[in-house]
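**Q** This is what each chain is made of:
Protein chains: 4
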Amino acid sequence: MGSTFGQLFRITTFGESHGGGVGVVIEGCPPRIEISDSEIQRELDRRRPGQSKITTQRQEEDRCEILSGVFEGKTLGTPIGILVRNKDARPEDYAAMAKTFRPSHADFTYEAKYGIRNWQGGGRASARETIGRVAAGAVARKILQTLYPKIDIVAYVAQIHELKAKIDRSKVKFGDADTNIVRCPDKAAAKRMISLIERTRADGDSLGGIVECLVRNAPPGLGEPVFDKLEADLAKAMLSLPATKGFEIGSGFSATRMRGSEHNDAFEMRGGKIRTSSNYSGGVQGGISNGEEIYFRVGFKPTATIAREQKTVTASREQTKLAARGRHDPCVLPRAVPMVEAMTALVLCDHALRQRAINISQK
Amino acid sequence: MGSTFGQLFRITTFGESHGGGVGVVIEGCPPRIEISDSEIQRELDRRRPGQSKITTQRQEEDRCEILSGVFEGKTLGTPIGILVRNKDARPEDYAAMAKTFRPSHADFTYEAKYGIRNWQGGGRASARETIGRVAAGAVARKILQTLYPKIDIVAYVAQIHELKAKIDRSKVKFGDADTNIVRCPDKAAAKRMISLIERTRADGDSLGGIVECLVRNAPPGLGEPVFDKLEADLAKAMLSLPATKGFEIGSGFSATRMRGSEHNDAFEMRGGKIRTSSNYSGGVQGGISNGEEIYFRVGFKPTATIAREQKTVTASREQTKLAARGRHDPCVLPRAVPMVEAMTALVLCDHALRQRAINISQK
Amino acid sequence: MGSTFGQLFRITTFGESHGGGVGVVIEGCPPRIEISDSEIQRELDRRRPGQSKITTQRQEEDRCEILSGVFEGKTLGTPIGILVRNKDARPEDYAAMAKTFRPSHADFTYEAKYGIRNWQGGGRASARETIGRVAAGAVARKILQTLYPKIDIVAYVAQIHELKAKIDRSKVKFGDADTNIVRCPDKAAAKRMISLIERTRADGDSLGGIVECLVRNAPPGLGEPVFDKLEADLAKAMLSLPATKGFEIGSGFSATRMRGSEHNDAFEMRGGKIRTSSNYSGGVQGGISNGEEIYFRVGFKPTATIAREQKTVTASREQTKLAARGRHDPCVLPRAVPMVEAMTALVLCDHALRQRAINISQK
Amino acid sequence: MGSTFGQLFRITTFGESHGGGVGVVIEGCPPRIEISDSEIQRELDRRRPGQSKITTQRQEEDRCEILSGVFEGKTLGTPIGILVRNKDARPEDYAAMAKTFRPSHADFTYEAKYGIRNWQGGGRASARETIGRVAAGAVARKILQTLYPKIDIVAYVAQIHELKAKIDRSKVKFGDADTNIVRCPDKAAAKRMISLIERTRADGDSLGGIVECLVRNAPPGLGEPVFDKLEADLAKAMLSLPATKGFEIGSGFSATRMRGSEHNDAFEMRGGKIRTSSNYSGGVQGGISNGEEIYFRVGFKPTATIAREQKTVTASREQTKLAARGRHDPCVLPRAVPMVEAMTALVLCDHALRQRAINISQK
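Chains as they are written, first to last, in this note's numbering: chain D, 143 to 505; chain P, 143 to 505; chain W, 143 to 505; chain C, 143 to 505.
Next comes chain D alone, as it looks inside the complex (with noise of 0.2 Å):
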């Protein structure tokens, strides 16, 4: 079961890094809904590995196939499932790895849960895996826009490392990330954040930062207390990325050191609509979204991969020492951007679909 998330909209991905691919099968989505190969491989593309000098250079056409529920274009309110082949695998890069645990990589606790583990590249801890979640968030977002058209999905690189950008959140807009290769809407700190990431490739070593992301005009009412708070799913979201260490939404850790009466969102009627002055909250106060923007911040690790010789064991379970061979990111963040949006967008449809089944007397 851990390998499905959402309770209507609901998406189970299946696959590893080596094997005849990965993919995802889409439940619940509604009948109707334009959907193209060419909208699902825009965002793929936006992940895939290959796409710039910053990202790992193994070389991944990531071609999706729709292989159900959709027809003439549109969907067809059954299973949509979608298959992305494995391509550019190298097993021999691997085979080192059949016997030693790499640290911080997730070989040695799957050997422990499951004491059998596909050793060739990450397996099912590849984020390979989140192509099937980058190919449904592409479904969702459509819906959600079926649903409410003014709706706006917007990630980007907040920070790397000490590098932090400067970002009026008012002014970002959908596509500025996109403007260069590290996703950062703050140029200038792109370009910094750039060549850090370039010298501490060459440097054999890795590196952490920070993605936030934005929600504009979705509607009040999303999220289902107690448990389901939007939050709550929005951190179990984002948590289930590799390499994610620390979600927070709107004031984040920044309001246990703040007061209540500076942290309380005054209400007030703004363009005949009951809004808040501030926004502490996030957009969402007792788990339910209030209109407002919804923002949140996501902490990414260094990536565990480097080049670096460490010490480790081996599953024989003597010493030895590892250094990565082959290709990997020096640095997540970029290709994490369309993963946080993709993530986002599924949580926000699960609950709009949720919501319209409870909202009866709207019919």
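No copy is singled out in the list; a pair is fine if it fits within one copy or between any two copies.
With a cut-off of at most 16 Å between alpha-carbon atoms, the simulated EDC-like pairs for lysine to aspartate or glutamate come out as follows: (1) 453 - 404; (2) 229 - 203; (3) 453 - 410; (4) 216 - 253; (5) 333 - 304; (6) 463 - 410; (7) 415 - 460.
Calculated from the structure, these hints are not laboratory results.
Fit chains P, W and C to the given chain D structure using the hints.
**A** For chains P, W and C alone, kept in the frame of chain D given last:
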């Protein structure tokens, strides 16, 4: 479905702050676990209002009744129903709330979502709802102790506003937090925190802070990639608690400013076991526990209810002002400690049973 | 999880025949549905013991208390907790059962599964558990009537032992069954059935029979292929009721002896709508309702509890004999009628909400 | 969600009869189970079209590809993706169906529900969808055999139209059914059945019948009251198969005409075990297996597709006539046998894992 948590060990809470009562139904509890009212009551007493001078003075005995699922002191394997009656209800204190949305509370969003709300107190959004979680958490802890006799779940207050406790994580024991009313194991810091909370309450204001939680002696192998990773389910569990704004595990957001060569946890042999030299991972790798200490932090905002006058609007969309009457917590942190422990126990128990289910060769 | 039913409109029942009480938590109930204690009580009164001379003489008032989720006569959208206390418990009647397995009861299997059981009465396997279902069914019916004002769910006894009622399905109305204590709309047959039940009870024996159920004016489009087909969920619902052995929809088992040319329901235009000329399908095609009358039959075995002496074994594996003391139903059929209706309402309500969720172009 | 089945061993099928292909994703499969393509293929070959003169002549090789979750011949514990390409698609055969609703097919109801359908063949309602179930059933059987080496699941045709086989249930072995093309272990009856099917096909008509299924050596303790009773989940599983109209377990509908004193299964000691003298219960009591043989019967209607001309209406609501062209099964029973076995294996496997999860004292 938003009031159900867990896959195999699954709880459903019910109840508003005013009305017949609050409670929980626990499904999937293994049979023949010894459990008594008093074990559940002990945890409820740790969360109940009126327990000290720095909590709300609402007096609720919060006496639990086990309605089903337990026979002669042992679980039957059938659903365990637990009920706590609402007693100290003074709906007249809340008359103003019928028509006015309290800032940073859930009044407006419940109205927006459901088109109706129980305005007598917090209704479903009240912290009283957590009674069901804490009661179920006590049961979960018993199951975990049956499976892993040495397991230890310890939460405590690590920070109130700017006051940070100095805590040697490796030395905190269960019970240390309960030696003072703010539930902070650093006694010197605790004193200052209590004093700050008292002054802030006198000032008509409120405070936020951080609860830290440790799990020791959890076995390797808990967590279900790719969505039900252990940290993902913990993040959801914590962000589903009232007033939470952030979650970080292990190195958390500080990981974003580290390099891979610093952050990676080298494997080594220690005491005949595969262990890690450092523990930036926080006991979880690839979404699965690795046998090291699991630790994470949860950020709480300052209590939304404050005595100071605040601007807001009425349900009929008129500007007004509001000052809280009556009783409330100036800082939720002390009472949040048993809630964090309970949610942690629920997550671990669910994953422990899930791991048993698939691990069929160990039968 | 075995005590939860439904995906979107989801109920969890709890309780044993002896102990604090039995009840239900209803999740996913739309807000602003008018519901009163008396509407629920009316259905509970139809299922309660002691209601007539042909049911068990156990006296239970079965008075329900709504604990949560309803405010000023309307649903809040939050979980609805309903509790019925156990009253007329005479555990001494059951002392023998502590050590002896009653034939064709669940004593042995509960022991085999859980290694423990509440032997005071039927425990969890008691028909008292259906109280929660019937209470929730009353709520489901209200929701269905809100969505489809003309919908009608009518169950009745169609057969007791060899006595078959003559019933013109098209003429049975809700209420007809309740004009006599055996709940059979064929008054002549009802008389013979009552007399047979009385004679059988006097003879220390028990009887089975068939309940038939009709749903009129359900809309086309309910049911979720391929697993949650409407008939599949109805079958599960019915076979989850105590004492059921079979389910058939529409033509049922008689279809097995028909040819396609006889069995196919031709489409025709009637009253401006697409209708079928015959209705062997029973109102469901491909797992989805087609707007025709849904009808199905449920087979109940004779009550397992009989006054006659029977051979059995003890928990310590010794051969023994057992004759039921005390009070029991000589035939469960009359009290099964409201149970069948309740389960039908639960299934339809769940599917109605599920259909709303995906039907986004009708917003 | 309607395409997902099972709680712990959970399958999601996808695919229409025309388009990329059909398949399944299996979640919750324990790791280290040996499984090969050929074991899955063997079951698919039993259900594939064109396998004999009495099945449809549509030629599909139905060659399966395992996309994920299996490594070096063993399951990984990760989702198992299985794909079967659609090959022998002749959409031109179906052009008429684009606008006409075939009687007793799902064309009209899919249109009513989704407002769109893949009219090239049966679409999602095609029996091709069961490929995913049969493939998953093969995996489930392997798991069951790992847990209970002596378990046996045997289905066979017990009746075609009026022709009833004479079968001594205690003597039927797995494989007996496959000795003839109608899959009936009574060889004399099989001959008559085959002849009847051939004559009926020549006559442009179709036939229904009954499949019976036995499970031997299932352990006591499987089934989760009160809703997920073993018979309830079996009933749902069977009624989710195309063309099914009824389900009965053990004594089934014949129980309705019996007295308790006849029907009760007395307990006795036999071979050192607690056994029942008779087995009207069908191996399940109170929703839990009791260790006796589980047996049940499934009624199938005559195939809806017939060569004879039938009255129907078009999507534009005009009266028309329709005669099936092309290839179809005159009787689904022979191919239904592996489907019934597969669904049975899925139900039992799910319950076996669920029972393991709660049975923690047996660790």
